[in-house]
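I would like the entire structure built from these sequences, with the hints used as guidance.
Line by line, the protein sequences give chains S and F.
Read left to right, the first sequence gives residues 1 to 245 (the working numbering).
Read left to right, the second sequence gives residues 1 to 340 (the working numbering).
The set of hints was computed from the structure by calculation and includes no laboratory data.
One or more hints might be untrue.
Derived lysine-lysine pairs resembling DSS-like cross-links, with alpha carbons at most 25 Å apart [to be verified]:
#, chain 1, residue 1, chain 2, residue 2
1, S, LYS161, F, LYS127
2, S, LYS147, F, LYS303
3, S, LYS84, F, LYS12
4, F, LYS15, S, LYS147
5, F, LYS150, S, LYS161
6, S, LYS161, F, LYS51
7, F, LYS148, S, LYS147
8, F, LYS12, S, LYS147
9, S, LYS84, F, LYS51
Predicted model only: the values in this text are computed from it and were never measured.
The primary structure of each chain is shown beneath.
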Amino acid sequence: MRRDVDIIFAVLGSFLLLYIAIPIIFLILKQCFDFETLLQILSDEEVLNSLKNTFLTSAITTLIALIFGVPLGYILARWDFMYKSLVQGIVDVPIVIPHSVVGIMLLVTFSNAILDNYLGIISAMLFVSASFTINSARDGFLSVDRKLEYVARTLGAGKLKTFLTISLPLALPSIVSGAIMTFARAISEVGAILVVAYYPKTAQILVIEYFQNFGLKYSMPISVVLILLSLTIFVTLRYVFRRLC
Amino acid sequence: MLRLCRIKKDWKEFKLRNISLDVKSGEYFILLGPSGSGKTLLLEVIAGIHKPDEGKIYLDGEDITEKPPEKRNIAYVPQNYALFPHLSVYENISYGLKLRKLDKKEIDEIVKNLAHSLGISHLLHRKPITLSGGEQQRVAIARALAIKPKILLLDEPFSNLDVGTRSKLIRDMKRWHEEFKFTAIHVTHSFDEAMSLGERVGVMIDGRIEEVGNLKEVFSTPKNVKVAEFLGYNILYGEKIKDLKLSFDSKYVVIKPEDISISEDGIEAIVEHVELLKFSANVILNVNGLKLKALTTVDEILKNNIEVGSKVFVRIRNFFTAGDSASTFTTNVCKESVNS
Chain S
1 MRRDVDIIFA
11 VLGSFLLLYI
21 AIPIIFLILK
31 QCFDFETLLQ
41 ILSDEEVLNS
51 LKNTFLTSAI
61 TTLIALIFGV
71 PLGYILARWD
81 FMYKSLVQGI
91 VDVPIVIPHS
101 VVGIMLLVTF
111 SNAILDNYLG
121 IISAMLFVSA
131 SFTINSARDG
141 FLSVDRKLEY
151 VARTLGAGKL
161 KTFLTISLPL
171 ALPSIVSGAI
181 MTFARAISEV
191 GAILVVAYYP
201 KTAQILVIEY
211 FQNFGLKYSM
221 PISVVLILLS
231 LTIFVTLRYV
241 FRRLC
Chain F
1 MLRLCRIKKD
11 WKEFKLRNIS
21 LDVKSGEYFI
31 LLGPSGSGKT
41 LLLEVIAGIH
51 KPDEGKIYLD
61 GEDITEKPPE
71 KRNIAYVPQN
81 YALFPHLSVY
91 ENISYGLKLR
101 KLDKKEIDEI
111 VKNLAHSLGI
121 SHLLHRKPIT
131 LSGGEQQRVA
141 IARALAIKPK
151 ILLLDEPFSN
161 LDVGTRSKLI
171 RDMKRWHEEF
181 KFTAIHVTHS
191 FDEAMSLGER
201 VGVMIDGRIE
211 EVGNLKEVFS
221 TPKNVKVAEF
231 LGYNILYGEK
241 IKDLKLSFDS
251 KYVVIKPEDI
261 SISEDGIEAI
271 VEHVELLKFS
281 ANVILNVNGL
291 KLKALTTVDE
301 ILKNNIEVGS
311 KVFVRIRNFF
321 TAGDSASTFT
331 TNVCKESVNS
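Okay, structure coming up:
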C-alpha cells in the first residue's frame with residue numbers, strides 16, 4: 001500500500017522536473033544539428049560583446065547587492081524597530097511587480113541618467129534581484145545563535161569584530177547562496193532592461209532582437225550559449241562553495 | 001568586588017526588580033531560583049549584554065554600568081555553552097587571547113596549560129560539533145578562563161549533562177576553583193548542585209533576590225517565606241497553625257518535610273499520596289483538611305504498610321518562623337555603595 005503512494009508521488013513529482021529539463025535538453029540537442037550557425041554566431045562580435053555585457057553587469061549587480069544587502073539583512077535579523085514589517089515588505093516588493101513596470105518606474109524616477117547605458121542595465125538588474133541577497137543574509141544571521149555573539153563580546157570583541165569573526169562567517173553559506181540567486185536573477189532579467197537600457201546590448205536582449213529580425217534559427221544559438229554559460233557558472237559556484245563549507 | 005545596586009530591568013517576559021547584591025572576591029556564589037525568575041537576564045546584565053533600566057553595577061569599586069561587555073573582562077558561559085561552531089577547540093579557547101594581541105607562543109602556552117588542567121588536550125584540533133556535552137562544557141570553561149576574567153558567569157552549567165558526567169564535573173569544578181582562584185556566579189535551579197558547590201547563595205524568585213546568605217543557613221532555616229516555599233517546605237499561616245497545636249505567635253510557620261515524622265501517636269492524619277524514590281519517599285498527609293508534605297524512607301513506608309488512605313499519626317519534630325518581606329540586606333548593600 002505504501003509503495004503505491006510512493007509511486008504516485010514520484011510520478012507527480014517528475015512532471016515538473018521533466019517540464020523544466022526537457023526544453024533545455026531539446027534546445028541544446030537541436031542546436032547540435034546546426035553546428036554551422038552556432039560557430040557563425042560565436043564568432044559574431046556583437047554576440048560576444050552582448051555576452052560580456054550580461055555577465056559583467058550581473059557581476060557588478062551582485063557585488064552592489066552584497067555591499068548594501070548584507071548590512072540590511074543583519075539589521076532585519078537583529079534589530080527590533082517600529083515599522084519593521086513595512087521595511088520587510090519593501091524588500092519583497094520587487095518580486096511582485098511586473099518587470100516591465102519596474103523599467104517604467106526606474107525611467108520615470110531617474111530618466112536620462114540611466115537611459116541606454118550600463119548604469120541603466122545595472123539599476124534594472126539590482127531592482128529585481130537584490131531581495132534575494134537581503135533575505136538570504138537575513139535568514140543566515142537569524143540562524144546564528146545570539147549567545148555566540150554575546151560570548152564573543154564578553155571575550156573582548158567589539159561589535160564590528162564580533163560581526164566579522166562570528167556572525168558573518170556563520171551566515172556566509174546563506175549569504176553566498178543568496179548572492180548566487182541574485183546573480184542568476186540578474187542574468188535572466190529582460191523586461192526592465194528592455195524598457196530602460198536596450199543599449200548597450202545584453203545577450204538576453206539580443207535573443208529577442210534576433211528572434212524578431214531573423215527568426216528562431218538565429219536566436220537559438222545565442223540562447224544555447226547563454227544557457228550553457230549560466231548553468232556552468234551556477235553549478236561550479238554551488239559545487240565549489242559546498243566544498244568550502 | 002562585584003556590587004549590584006538597585007538593578008531594574010524589563011526585557012521580554014523577564015523582569016529584574018530592585019536587585020542589590022554583593023559578591024566577594026574569590027567566592028563561588030550560587031544564584032538559585034526557579035526557571036523564568038530572571039537569573040539568566042541578571043547574568044547578562046552583569047556581563048554588559050543588556051543595560052539595566054535603573055541601578056548601578058560596580059566592579060572593584062569602579063562604576064561599570066555604562067561599559068560595553070568587551071571592556072569588562074567578565075566571562076560568560078551560557079547554558080548551551082555557545083562554542084563557536086566554525087572554529088576548532090584550540091581556536092575557541094584562544095579567541096579572547098588573540099583579541100588581546102598576545103604573541104603566538106604565549107597564546108599557545110596558555111591554551112595548552114588550560115587544556116591540560118581541564119583534561120581536553122586531546123580535543124584541541126576537533127570542531128565543537130564532534131564533542132560530547134561534558135567535553136563542550138570543559139571547552140567553554142577553558143575559553144572563559146583563558147582571558148583571566150575578574151568574574152566567571154556560569155548559566156546552568158550542568159543542566160544538559162547526564163548524572164554521571166554532572167557529578168564528575170561538579171567535583172572538577174571545585175578543583176578548578178581552587179586551582180585558578182576565580183570568582184564565580186553560578187546560576188542553577190538545582191538544590192543539589194547548589195549544596196555541593198556553593199559557599200553563599202542568593203535565592204531569586206520572580207525577578208527579586210529574596211534572600212542572600214550562607215548556603216547551609218538559607219537552606220536549613222530560610223527567613224523568607226517565598227524561599228521556604230521554593231525549597232519545598234510546608235508553610236502554615238493563620239488558623240492552620242492552631243490546627244497543629246503549635247503555639248507560636250507569628251504570621252508564618254515553616255515545617256520541613258523531613259521534620260514531620262510518622263509515628264505511633266500524635267496528630268491524626270490520612271495519607272493522600274505516596275511517591276517512592278530511590279531511598280526516600282514523599283508522602284502527602286491530610287490533617288483535618290490541611291495538606292502536609294512529609295519526607296520519610298522507603299523502609300519506613302514498607303515496614304508500616306503505609307498506602308493511600310491509611311490512617312497515621314504524625315509528630316512535628318521541628319519548625320521555625322519566617323517573614324514575607326525581602327530581607328534587609330538589600331537596603332544595606334545600597335547604603336554602603338552610596339558611601340563608598
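Straight-line Cα separation of LYS150/F and LYS161/S no greater than 25 Å? 22 Å, holds
Does the structure keep LYS84/S and LYS51/F at a Cα separation of 25 Å or less? 23 Å, holds
Is the Cα-Cα distance between LYS147/S and LYS303/F 25 Å or less? 52 Å, violated
Regarding the pair LYS15/F and LYS147/S, is the alpha-carbon distance no greater than 25 Å? 19 Å, holds
Can the restraint linking LYS12/F and LYS147/S be considered satisfied, given a maximum Cα separation of 25 Å? 16 Å, holds
LYS161/S and LYS127/F: Cα distance at most 25 Å? 21 Å, holds
Are the Cα atoms of LYS148/F and LYS147/S separated by 25 Å or less? 20 Å, holds
Regarding the pair LYS161/S and LYS51/F, is the alpha-carbon distance no greater than 25 Å? With a Cα-Cα distance of about 20 Å, the restraint between LYS161/S and LYS51/F holds, given a limit of 25 Å.
Assess, step by step, whether the Cα of LYS84/S is no farther than 25 Å from the Cα of LYS12/F, and give holds or violated. Given that 25 Å is the threshold and the Cα spacing comes to 17 Å, the pair holds.
Hint 2 alone, counting from the list given before, is not met by this structure.
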